[in-house]
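Peer 1: Here is what each chain is made of, one letter per residue.
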Amino acid sequence: MHAGLLGKFQPGRTTEIGVEIVSSHAARADLSISDANGRTIHHLQLNEHARKKLWLGIKPKKDGSVTVTLTAPSDKTLTHSITLTATRLPITLVSIAPNERMRSTAQLKTTQESVIVMLSSAGFPHTTQGYGAVQSVITDLESLAALEQRQSEALGQYLAGCGILLLDKASSSVVERLGRSAGCGGQLIRSYNQLSEIPQLLQQLNGLRPPKLPESKNLALLSSNQPHLAVPLYLFGYLLLMVLLSSLLKRPALLLALPLLTTATGLVVWYGAGGQQLTLWAEAETGDPIARLAAIQYSGGDRRGFQETNFTTDVVITRLENPQRSTPIEHREGNDLYHLTSNTALFAPVRYRLDGIVRQPHRLSLILDNGQPIVRNTGTSATPAGRLLWKRNSYALPALSPDETWHPEQQGEAPTTPAERLLSRRLSFNGAALLIPISQEWGGFAPSATSTTGWLVIRSSTKSRS
Amino acid sequence: MNLIRLATLSSLAYLLPLTLWLTAQLELDDWAAARVTTLFDQAVHITLIAQIIGVILLFFKPVESSRQNDITAVALILFFPLPLLTLSWLSGSLEIIPIALGSLVVTLTGLTAFGIRQGLSHILPNPAGREGMIGALQITLLILLWQFRQVWWGWAGL
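For the record, the sequence lines run as chains R and A.
Residue numbers in the first sequence follow the working numbering, run continuously in steps of one, and reach 466 at the last position.
Residue numbers in the second sequence follow the working numbering, run continuously in steps of one, and reach 1158 at the last position.
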């Protein structure tokens, strides 16, 4: 077992570990990871005398420790612990030709804003979580070409999430090709010719990075909080009936039936599998077919009972409850399927934060023309109505038919809804963005039984802003 | 006023303000789940204390009552807050066994208070002295249960 990125991690961020298992006979086994995110169980199929190498996303505890336990039927339980080294600064991953390494380290140290991790291409992360603390990647085409498929996919997800990539002496066509599948219009992928260019390039690209997605606390404010009138109605209705019956009944012993009947009613109403709710916030740049997504999944809360949710998309799942008291997240091998189960109580949903990337082209473009926002429907069907946030004001954006353009003519209003206020806080004064409500089907992200409340934010393109 | 009516009124006397307080406190936003649990936990403790006061006071003054009425009155005090206790269990504040053990303490207290009244009415023929003694013993029982509430709460797992 060994840790990725030379065992360095940033507290609160994900990273990865590699686990190698050799089994003397074919068996099913459970690999349990205990880290800051509680317990995650990976269900595995082990083959006879076969070596199995797994790369698993983890979130080390504050002291950097992670415990991995392998349990196979009729076998002993194997437990290993690993301790990673915490670093306060984000990580710059460097993988370039060996003769350039010494010089690059000297150059990069002048930036003082990140920790340099020098790796060969084999050391590149294999999972999306492996890039949790990586701020920038500096590499060359040889290293990129040597990446395994899983590493390339993880790097692709990192780039889709607006990660910085500096390529040594790459042609503009290569940069452009990589940029097509990257987030932020591919503007965070650049080529350099001299190592001395790197610090300035990094500084420039850091300035172009979009802000981090909202914190869970801010996302939670977007959830529709329906007043739970049922509880006061239930309790006061019961008391009222009790008063009425006590004055009406000739045989007071019958009064004993009412508390029992009310209790039974309460159990019928509030016991059993509850609902699922997803609050979703996605951000994309104009023209970008990729959106960065943060969501809060609520399981239960409207009933006491057993809850179950499946996620088929590759997302980073973080528990928002006390991880030590929660049931494990189950991960089934092969198809990136997360299985979340929990026993929830009334009024106390189990919450998970989900972070990921959604590739879903949007039809609206927002361009700042001499500082004035212009919205255009570039798709082939009508777009839903939404809001434009610009200069701390909110404007009602009408539904637009294909090729129709719109710009704000009337006076804007102060942002009123929680989503408008959140977006307004995330924009610079001159910045503009569209806020479009999204439906359950958007991005194929939400499990089918989940009621979704969500918004897609389309920012004016970085090019236009700069 | 018979014992059953007295039991109904005494239950209403604490459950109505308690329900008012609880529903007013229930800010049921999603970040207050832990607070909801605490509120229901407090409500259960208040309920058990109120039930104990109720069963002791029920047998404080002699009221014309049959054995069946006595049992019904105690059962009514025990059953009256059941919907609130059910909500408390549904909210994950308490499990069934602590609630059941808490109710057992209330029942035993009721039986003790009833026993004190019955026993002394046979031992002490003088009504004035008997009532004084019953009152003193039941107030002592009340004080003891209040003073040692942490002990029996701990025993019941509350």
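Rather than coming from a laboratory, the hints here were simulated on the basis of the structure.
Even glycine gets a Cβ: it sits at the ideal position worked out from N, Cα and C.
Certain hints may be false.
If the Cβ cut is set under 10 Å, some of the chain A residues that face chain R in the computed set are [said to hold, decoys possible]:
id: 1; residue: T1008
id: 2; residue: L1022
id: 3; residue: L1026
id: 4; residue: V1151
Peer 1: Can you give the numbers of the hints that this structure goes against, from lowest to highest?
Peer 2: Per hint list: single violation, 4.
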